[in-house]
Amino acid sequence: MSHAINNLLTAMADDALIQGHRNSEWTGLGPVMEEDIAFSSMAQDKIGHAWALYRILQEDLGGSDPDHFAFLRNEKDYRCCHLAEQPNGEYDFSLLRHFLFDHAEAVRYGRLEQSTFAPLQPLARKLKGEIKYHLLHANAWVSQLCRAGDESYARMQAALNRCFPLALGLFEPQEGEEELMAAGVYPGEKALQAEWLDRIYNILSPAGLNLPGVEAVTPAYGGRRGYHTEYLQPLLDEMGAVFRTDPEAIW
Amino acid sequence: MENNQSLDPRVNRLQLSISGDPVVVRDGENWNVFEVFHQEKRGAHHEHVGCVHAPNAQLALVFAKEQFGRRKKCVNLWVVRSADILAFNTEDEDMFANNLEKTYRDASGFKVMEKINRYKKSGKE
Numbered sequence: 011m012s013h014a015i016n017n018l019l020t021a022m023a024d025d026a027l028i029q030g031h032r033n034s035e036w037t038g039l040g041p042v043m044e045e046d047i048a049f050s051s052m053a054q055d056k057i058g059h060a061w062a063l064y065r066i067l068q069e070d071l072g073g074s075d076p077d078h079f080a081f082l083r084n085e086k087d088y089r090c091c092h093l094a095e096q097p098n099g100e101y102d103f104s105l106l107r108h109f110l111f112d113h114a115e116a117v118r119y120g121r122l123e124q125s126t127f128a129p130l131q132p133l134a135r136k137l138k139g140e141i142k143y144h145l146l147h148a149n150a151w152v153s154q155l156c157r158a159g160d161e162s163y164a165r166m167q168a169a170l171n172r173c174f175p176l177a178l179g180l181f182e183p184q185e186g187e188e189e190l191m192a193a194g195v196y197p198g199e200k201a202l203q204a205e206w207l208d209r210i211y212n213i214l215s216p217a218g219l220n221l222p223g224v225e226a227v228t229p230a231y232g233g234r235r236g237y238h239t240e241y242l243q244p245l246l247d248e249m250g251a252v253f254r255t256d257p258e259a260i261w
Numbered sequence: 269m270e271n272n273q274s275l276d277p278r279v280n281r282l283q284l285s286i287s288g289d290p291v292v293v294r295d296g297e298n299w300n301v302f303e304v305f306h307q308e309k310r311g312a313h314h315e316h317v318g319c320v321h322a323p324n325a326q327l328a329l330v331f332a333k334e335q336f337g338r339r340k341k342c343v344n345l346w347v348v349r350s351a352d353i354l355a356f357n358t359e360d361e362d363m364f365a366n367n368l369e370k371t372y373r374d375a376s377g378f379k380v381m382e383k384i385n386r387y388k389k390s391g392k393e
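Those sequence lines, one after another, are chains H and L.
Quick note: the first sequence uses the working numbering, first residue 11, plus one each step.
Quick note: the second sequence uses the working numbering, first residue 269, plus one each step.
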């Protein structure tokens, strides 16, 4: 059982860390100052979520030091999904990814408030307000940009088409998932995905965007088993560069 | 038509005419300035803390939250379009010029602290 919980928490934490790092690459380059600050601040939040989960791995499941675990693993030991690994590209892609990612977080943490794995309950409650703001931000932008003329609308639809199969990778089946479902740790990836699809449909549809059918696309699976895109290794090299100069330093 | 040379994307997106025709700014094309008011605790006054640029009031509130609501204690924020605020012209400042002479209007002229202290003291006894 602890092996399965380990898998789940590592996947969640790695998603948050890698997505947070990607979003932080916008710092100083955001489209306008106000958005730059908001997006950077939310990137920090995500890295905070990752840290909190690495702490649970350390304190409750005998894992290693969060900093070492976050920065010194080999690429194949990360469990993040391919969505988070993608380079930022243009702002439409980054925003749509942020929208899909954060709705998935909202669904997941919403369910973890009732988890039988005790440390997840207070964490889920603590992050609720932060995630609520992330959704407010993402929903406002998606609705606004879909009403901002032909080019803007076309870019949002194209970004959605590109992000959607990648985002399904957020719900790649986890090893030992059935065990966790039986024990009431969480309801399983399939149930989370169904809830997520409902939620995003309710925002995307009024904005006039067409959500591709799940059956019509190939989900980008592999991340949960350590198979990653070519983009992860360069990200890890850069993210851990300073840490690796002196892993024992106290910051 | 040529784009203007400003580095500000809100400005250089505008198609400015060389002939000097008035520029028509469509809704959402150029962002508005919104004034932000911060409330520190429930029931307290909202205090002006600065401004944000935003395409509409909803996004102004989204921006204001990270701009002004992420450090010190905050329970709510207001945003209002700066253009919706009615103010006096600066040259009308003379309307207020003689205020300093009219000290009889200062509430500080009323000596009530003695009474208040006496009341407080009587409550304790």
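Hints were generated in silico from the structure; no laboratory data involved.
Careful: at least some of the hints might be erroneous.
[As the list claims (entries may be wrong)] Not the full set, but computed from the structure, chain H residues with beta-carbon under 7 Å of chain L:
1) 38
2) 40
3) 46
4) 51
5) 145
6) 147
[Claimed, not checked] The following residues of chain L were derived to be distant from chain H, with all beta-carbon distances above 12 Å:
7) 314
8) 324
9) 328
10) 337
11) 340
12) 349
13) 351
14) 353
15) 361
16) 379
17) 388
18) 390
[As the list claims (entries may be wrong)] With beta-carbon atoms standing in for the labels, derived distance ranges:
19) H:162 with L:365: 50 to 56 Å
20) L:308 with H:241: 39 to 45 Å
21) H:40 with L:298: 35 to 41 Å
22) H:146 with L:308: 16 to 22 Å
23) H:208 with L:326: 20 to 26 Å
24) H:226 with L:298: 52 to 58 Å
25) H:243 with L:339: 46 to 52 Å
26) L:317 with H:41: 20 to 26 Å
27) H:58 with L:363: 48 to 54 Å
28) L:298 with H:100: 39 to 45 Å
29) H:61 with L:287: 34 to 40 Å
30) H:131 with L:357: 43 to 49 Å
Virtual Cβ for every residue (Gly too), placed ideally from N, Cα, C.
Going through the hints against the structure:
1. About 15 Å separates the beta-carbon of residue 38 of chain H from the nearest beta-carbon of chain L, more than 7 Å, and the hint is not met.
2. Look at residue 40 of chain H: its Cβ only gets to about 11 Å from chain L, farther than 7 Å, so that hint breaks.
3. Because the closest C-beta pair between residue 46 of chain H and chain L is about 10 Å apart, greater than 7 Å, the hint is violated.
4. At its closest, the beta carbon of residue 51 of chain H sits 5 Å from a beta carbon of chain L; the interface hint therefore holds under the 7 Å criterion.
5. The interface hint given for residue 145 of chain H is violated, since its Cβ lies 11 Å from the closest Cβ of chain L, which is over the 7 Å cut-off.
6. With its C-beta approaching chain L no nearer than about 5 Å, residue 147 of chain H sits inside the 7 Å limit, and its interface hint holds.
7. The beta carbon of residue 314 of chain L sits about 19 Å from the closest Cβ of chain H, which is more than 12 Å, so the claim that it is off the interface holds.
8. Not every C-beta of chain H lies more than 12 Å from that of residue 324 of chain L, the closest at about 7 Å, which undercuts listing it as non-interface.
9. With a closest Cβ-Cβ approach of about 9 Å to chain H, residue 328 of chain L is found to fall inside the 12 Å limit, against its non-interface label.
10. Chain H draws residue 337 of chain L into its interface by the beta-carbon criterion, the shortest separation being 9 Å against a cut-off of 12 Å.
11. Distance check for residue 340 of chain L against chain H: the nearest CB is about 15 Å away, which clears 12 Å, and the non-interface claim stands.
12. Residue-level check passed: residue 349 of chain L sits 15 Å from the nearest beta carbon of chain H, beyond 12 Å.
13. Distance to chain H confirms residue 351 of chain L as a non-interface residue, since its nearest Cβ pair spans about 18 Å, more than 12 Å.
14. The Cβ of residue 353 of chain L lies farther than 12 Å from every Cβ of chain H, with a closest approach of about 19 Å, so its non-interface assignment holds.
15. Every beta carbon of chain H lies more than 12 Å from that of residue 361 of chain L, the smallest distance being close to 32 Å; the non-interface claim holds.
16. No Cβ of chain H comes within 12 Å of the Cβ of residue 379 of chain L; the nearest lies about 48 Å off, and the non-interface call holds.
17. Non-interface call for residue 388 of chain L relative to chain H: holds, since the shortest CB-CB distance, roughly 40 Å, exceeds 12 Å.
18. With a least beta-carbon separation of about 46 Å from chain H, residue 390 of chain L lies farther than 12 Å from that chain, consistent with its non-interface assignment.
19. A hinted range of 50 to 56 Å for the beta carbons of residue 162 of chain H and residue 365 of chain L is consistent with their spacing of about 51 Å.
20. About 44 Å separates the C-beta atoms of residue 308 of chain L and residue 241 of chain H, a value consistent with the hinted range of 39 to 45 Å.
21. Restraint check, residue 40 of chain H to residue 298 of chain L: a C-beta distance of roughly 18 Å breaks the suggested window 35 to 41 Å.
22. Range check, residue 146 of chain H to residue 308 of chain L: about 21 Å between beta-carbon atoms, so the 16 to 22 Å window is met.
23. With their beta carbons about 23 Å apart, residue 208 of chain H and residue 326 of chain L fall inside the hinted range of 20 to 26 Å.
24. Separation of residue 226 of chain H from residue 298 of chain L is about 39 Å and departs from the stated range, judged on CB atoms against 52 to 58 Å.
25. The given range of 46 to 52 Å is broken by residue 243 of chain H and residue 339 of chain L, whose C-beta atoms sit roughly 36 Å from each other.
26. Taken as a hint, the range 20 to 26 Å holds for the pair residue 317 of chain L and residue 41 of chain H, whose Cβ atoms sit roughly 23 Å apart.
27. At roughly 52 Å, the beta-carbon separation of residue 58 of chain H and residue 363 of chain L lies within the given 48 to 54 Å, and the hint holds.
28. Look at residue 298 of chain L against residue 100 of chain H: about 22 Å separates their beta carbons, and that is not inside 39 to 45 Å.
29. Range check, residue 61 of chain H to residue 287 of chain L: Cβ separation about 58 Å, and the 34 to 40 Å hint is violated.
30. For the hinted restraint 43 to 49 Å between residue 131 of chain H and residue 357 of chain L, the CB-CB distance of approximately 59 Å leaves it violated.
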